[in-house]
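Novice: Guided by the hints, dock chain V onto chain H, whose structure is given.
Number of protein chains: 2
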Amino acid sequence: MSLLVVGSVAYDVIELPGREPVEVLGGSATWFSTAASFLSRPVIVAVVGTDFPEEDIAFLDGRGIDTSFIERREGLTFRWHGRYHDDMIGRDSLKTELGVFADFSPVIPQELRDSDVVCLGNIKPDLQKLVMMQTRDARFIALDTIECWIDMYRSELLSMMPRTSLFFLNDDEVRQLTGERNIFVGASRLLGMGVKALVVKKGEHGAILFDEKGIKLYPAYPVEAVVDPTGAGDSFAGGTLAYLDRIGEFDVESVRRGLAVGTVVASFCVEGFGPRAFARVRPSDLSARMARYVEMTNIDGGRILSDIDL
Amino acid sequence: MSLLVVGSVAYDVIELPGREPVEVLGGSATWFSTAASFLSRPVIVAVVGTDFPEEDIAFLDGRGIDTSFIERREGLTFRWHGRYHDDMIGRDSLKTELGVFADFSPVIPQELRDSDVVCLGNIKPDLQKLVMMQTRDARFIALDTIECWIDMYRSELLSMMPRTSLFFLNDDEVRQLTGERNIFVGASRLLGMGVKALVVKKGEHGAILFDEKGIKLYPAYPVEAVVDPTGAGDSFAGGTLAYLDRIGEFDVESVRRGLAVGTVVASFCVEGFGPRAFARVRPSDLSARMARYVEMTNIDGGRILSDIDL
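Note that the protein sequences, when read in sequence, are chains H and V. Everything in the first sequence is counted per this note's numbering, starting at 1 for the first residue and increasing by one. Everything in the second sequence is counted per this note's numbering, starting at 1 for the first residue and increasing by one.
Chain H extracted, bound-state conformation (with noise of 0.2 Å):
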């Protein structure tokens, strides 16, 4: 069992509809880790600057989470300054502010290249790729991206294709990436690339997994109020490959399993601000909600398929 996501932990300033700007801890690495701490001992690679205080280390270390190789640098964190629409979903990036992250050029341990899982959080692809060669032994690698790396990067992402196991885009995303309107026919043309798993995020309408086997549906747990979506995508992902790891297994079946206990472990990401507030969330809240999506979802197809007989 071993976990590497490489990402970024850094400080998020969210202004949430008619609040004020709040700072708070964030960044793929932080948000990935927190939720995959629920169910593994994901380790991260990352890069934080001097101001980055030992309380939210400390913070990541009580969760299980190895942040013995988050690198501490002269010069200050990642700090990203984000504005939610009214509707929750929508948002505009108002500040970026690199920080010691500008020069990160992800250096991968020797003690961690043969980790079983590794997560390529949304960083530079270039980047990414960089890790992916240092990580030649990974079973199972999972690759994020956003909007702005597609146009600049598009084949370093494209190459990384035939080696990712599992790719989270959204549909405007694939549509970029492609060029195909059509988002089967881009899903299609990605596998045919050679990823073995697609899943297409909506957000709050949940997801879509293309595979080998065709497509699975992935609702989103229904939440009664939105908090603050912010991390919503790598709480996804984490409980995913925390799910992963957690049992060893990689065929196409245990990625079906891993992405419905990554929507559940998402859904609790939004319902709170910030990751300490998500990992307040009991154990027993997990396993009691994933019985309760199973049963939101699962529908008696045998009956169906006898009663109407056609």
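For the record, the hints were derived by calculation from the structure and aren't laboratory data. For every residue, glycine included, the Cβ atom is placed at its ideal position computed from N, Cα and C. Please note that a few of the clues may not be correct.
Stated by the list, open to error - Here are the computed lysine-lysine pairs in the DSS-like style, where the Cα-Cα straight-line distance is at most 30 Å:
no., chain 1, residue 1, chain 2, residue 2
1, V, 202, H, 202
2, H, 124, H, 95
3, V, 95, V, 129
4, H, 213, V, 95
5, H, 129, H, 202
6, H, 213, H, 95
7, H, 202, V, 213
8, V, 213, V, 95
9, V, 213, V, 202
To be verified - Footprint (simulated), chain V over chain H, 3 or more residues, beta carbon under 8 Å:
no., segment
10, 209-220
11, 246-256
12, 287-293
13, 298-304
Specialist: Then chain V, alone, in the frame of chain H:
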């Protein structure tokens, strides 16, 4: 087995993005009964004008739909003219010509008053209530409405809740009807007023059911190309109610299975233009897609819960 639908039999003038307007057979009762005719033999109560051609009656008859209670009156058939936005989801109503529908006041013939299943398609709520009062022996009554009726007829709609088995609404309509911004709160208010189950429709994203057992999720069946979404909501209701009428059971679990059938039936509706294209779907296509939908949604919950063992 007896399934009655009261609604419109009409013509739709439909403008799809970048296309010339095309007139096609439409109306809530037409779409509902075409969908229902895959699994049951619906009876339509509606009114058409003297302009309504025999070939369209013959089309419905050919589907096993009982058209003998469609009244023909001096005047023009109801016509709706709509223009879809580029996303093929939003649409504007350009023109609504009620014609003979303006004076429609449904009288349910004696032989239909003991129908098991009744669908009150989208017509004026006071007329729906009239039908409800004439079908006191119905075992299952479904209700559909649209935004424009809710403000004008809120009290009529709410007064029908105790007799409504299944209420089809979208999320804005739940908010508008209940005055509650939060869908969960709004849904539980309506359940508290006596409606047995409430389906919140989300178009391409599927639907959510609220009932006495909790929540059930119905992601839309993914279709590669949406040709025309007109009629999808009526087809969803048609497939659902036809299933219930076919099996003659109306408990919570049956309704939950029925909505899965409705979801799959509706997916064929959007893939073609007009009810005739829809009707060309073969029964074997419906069974095959139903089986695929079950595969796409069902999760091996037992395995996950034992794996995560929290």
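Novice: Against this structure, judge whether each hint is valid.
Specialist: Hints and how they fare:
no.	hint	verdict
1	V:202 <-> H:202	holds (13 Å)
2	H:124 <-> H:95	holds (17 Å)
3	V:95 <-> V:129	holds (26 Å)
4	H:213 <-> V:95	violated (46 Å)
5	H:129 <-> H:202	holds (26 Å)
6	H:213 <-> H:95	violated (42 Å)
7	H:202 <-> V:213	holds (27 Å)
8	V:213 <-> V:95	violated (42 Å)
9	V:213 <-> V:202	holds (21 Å)
10	209-220	holds (count 6)
11	246-256	holds (count 4)
12	287-293	holds (count 5)
13	298-304	holds (count 6)
Hint violations for this structure: numbers 4, 6, 8, all remaining hints satisfied.
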